[in-house]
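Make the full structure from the sequences, and use the hints.
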Amino acid sequence: MSPKRQDGASDAPPLKKEAVTLRVPWGVQFFTFTLRLAMGWVFLYAGYHKLRYGFTAEGFLINATSGPWKSWFVSLGQSRAALDVIDPLVMYGQVLIGGALLLGLFTHFALLMGAAMMFLFYIAQFPPEYDLFLDYYIVYILVFLMLGVLAAGRVWGLDGYLGKNAKSFQAKWLKLFMG
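For the sequence shown, my numbering assigns the number 1 to the initial residue and increments by one for each residue that follows.
It is worth saying that the hints were derived from the structure and are not from the lab.
Just so you know, these numbers come straight off a predicted model, no measurement behind them.
Each residue gets a CB set at the ideal place from its N, CA and C atoms; glycine is no exception.
If a hint is listed, it holds; no wrong ones were tucked in.
Pairs of lysine to aspartate or glutamate residues, derived as DMTMM-like cross-links and limited to a Cα-Cα distance of at most 25 angstroms, are as follows: (1) LYS50 x ASP84; (2) LYS70 x ASP131; (3) LYS70 x ASP135; (4) LYS70 x ASP87; (5) LYS70 x GLU129; (6) LYS70 x GLU58; (7) LYS50 x ASP135; (8) LYS50 x ASP87; (9) LYS70 x ASP84.
Now the in silico label distances, taken between C-beta atoms and shown as ranges: (10) TRP41 x ILE138: 17 to 25 angstroms; (11) TRP26 x GLY59: 44 to 52 angstroms; (12) ALA81 x GLU129: 24 to 32 angstroms; (13) TRP72 x ARG23: 46 to 54 angstroms; (14) ASN165 x LEU134: 34 to 42 angstroms; (15) ASN165 x GLU129: 43 to 51 angstroms; (16) TYR161 x HIS49: 27 to 35 angstroms; (17) ALA81 x LYS164: 38 to 46 angstroms; (18) PHE31 x THR56: 34 to 42 angstroms; (19) SER79 x ARG23: 46 to 54 angstroms; (20) ALA116 x PRO68: 16 to 24 angstroms; (21) LEU83 x ILE138: 24 to 32 angstroms; (22) GLY67 x TRP26: 39 to 47 angstroms; (23) GLN29 x LEU89: 29 to 37 angstroms.
As structure tokens, this is what we get:
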């Protein structure tokens with residue numbers, strides 16, 4: 001332990017920040033990339049389908065919700081003002097989340113928004129009809145968390161390229177959205 005000076009500071013030399021480079025096996029990179037593309041496609045296509053063929057959350061919110069928050073979700077489904085916000089958020093949100101995952105651009109933000117969307121869908125139908133706890137919304141959330149931990153956007157994605165090559169993307173606050 002380093003001796004302390006009377007002013008409380010340590011006499012030890014300051015710690016240097018060193019970049020740590022991890023070598024990730026090719027198989028892990030390929031799996032991460034493939035899973036990111038798969039989740040991106042699922043969301044992009046779901047949003048595209050809603051935009052192309054029309055969508056409103058009204059039926060889901062009024063008829064498919066259950067559990068302790070049912071009355072709140074039903075009230076949202078009965079409110080035209082709420083649906084005017086919810087419908088575009090779901091449709092365009094899914095398209096943007098899917099596109100971001102496919103490109104590997106602002107991946108952390110896309111994963112966070114996707115997990116938030118899945119969580120809201122989950123609590124709207126809590127408890128799950130066919131399982132006591134685990135359903136596909138939770139599986140999606142776990143996949144999003146795993147992709148975030150694996151920094152999926154840096155694996156053959158634009159986040160990795162921009163993080164290394166574009167000086168305009170060196171802002172620390174912007175790096176929070178990339179990954």
